[in-house]
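Chemist: If you're matching them up, the sequences are chains E and Z in order. Mapping of the first sequence onto the working numbering: position 16 corresponds to residue 16, and the numbering continues sequentially without gaps. In short: position in the second sequence from 1, add 1000, done, that's the working numbering.
I should point out that these hints are in silico values taken from the structure, not numbers from a laboratory. Just so you know, these numbers come straight off a predicted model, no measurement behind them. No residue lacks a Cβ here, since even glycine has one placed at the ideal position from N, Cα and C. Be aware that a few hints might be false.
[Stated by the list, open to error] Label-pair restraints from in silico Cβ distances: (1) Z:F1009 / E:I20: 36 to 42 Å; (2) E:G74 / Z:D1131: 35 to 41 Å; (3) E:R127 / Z:N1002: 34 to 40 Å; (4) E:P27 / Z:L1095: 52 to 58 Å; (5) Z:S1006 / E:V46: 46 to 52 Å; (6) Z:E1175 / E:V46: 56 to 62 Å; (7) E:S22 / Z:R1045: 25 to 31 Å.
For reference, the chains in residue letters:
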Amino acid sequence: MRTLLIGLALLLAASAAYGIDSQPPFPDPALQARYTALTHELRCLVCQDETVADSNADLAADFRRQIHDMVAAGKSDAEIKDYMVQRYGDFVLYKPPVQSSTMLLWIGPFILLICAIGIVTLVVRRRARQPEEGTP
Amino acid sequence: MNIRNSLPFVIPGLVLLFLIGLFARGLFLDPTKVQSPLIGKPIPRFSLSELHDPGKKLDQDLLVGKVSLFNVWGAWCGACQDEHPVLVAFAKRKLLPIYGLDYHDDRQAALAMLDKGGDPYAAIFNDVSGDVAIDWGVYGAPETFLIDKHGVVRDKVIGALTQYIVDKQLVPEIEKLQAEAQ
């Protein structure tokens, strides 16, 4: 058991060394945090279910390099995301923006929830009435 | 059976049909074809060296003034090699100039591919870093842009051009744009 745990711990420590990101870390932890957040919010369009941070595609490496340079150049998060959206469209964002074409996506679940609550309320009320009607 | 009693069967049935319709539509959508936000917009500004002649700088103005194709390719890309003979044959028809963007490529490998298969390009921009390709919203090669006389992107084909796409999609569009330009 002990050997297994040590082995697992070693494996975990080693996995950090397998990072695919070749960009040098920022000296400022705040910038590094922004860079990490941005690369996790943008989609690698070659391998569409991976973020720019997770993908080892060449395009994702280019994205990381550009995002790294833009963060270093003092661009805001919004400016960097706009830059990508202008080139690749909303699909490049993992979290779709709230706008008319995505309204159904954002409020759809709440509409479904209201419908479900309505149906449950109707059924429960009807069942609650039934024994009274049945008793003499 | 009256309407009230049949509702518990009819409503889930309708919901099921709706979902089947939704999934059937989803099945025939291709998520790898991302519509380019560049269509209808002027081409991005850029300046790169020419592939054959690295001392020569070319910029976006080369693509303005006539209808042209802008083809993103690389010798490393299998689909580009499949597409290459189609482009070479199309260039021979001299309908319009085809410009190339050699994307993320090894220059020697690219030149070897052109030597072997023929060179369909009027000029080739050498994008070693891939930065210009990002400005064009390229996410895979090959990609082909149709550009009008004013330097505005009018259409984009993602993936290898085939004879069918050239004849049925590009040629009619090109003829229309060239007629507009007269």
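Chemist: Each hint: holds or not?
Modeler: Each hint tested on the structure:
| no. | hint | verdict |
| --- | --- | --- |
| 1 | Z:F1009 / E:I20: 36 to 42 Å | 53 Å, violated |
| 2 | E:G74 / Z:D1131: 35 to 41 Å | 19 Å, violated |
| 3 | E:R127 / Z:N1002: 34 to 40 Å | 20 Å, violated |
| 4 | E:P27 / Z:L1095: 52 to 58 Å | 55 Å, holds |
| 5 | Z:S1006 / E:V46: 46 to 52 Å | 51 Å, holds |
| 6 | Z:E1175 / E:V46: 56 to 62 Å | 34 Å, violated |
| 7 | E:S22 / Z:R1045: 25 to 31 Å | 28 Å, holds |
Hint violations for this structure: numbers 1, 2, 3, 6, all remaining hints satisfied.
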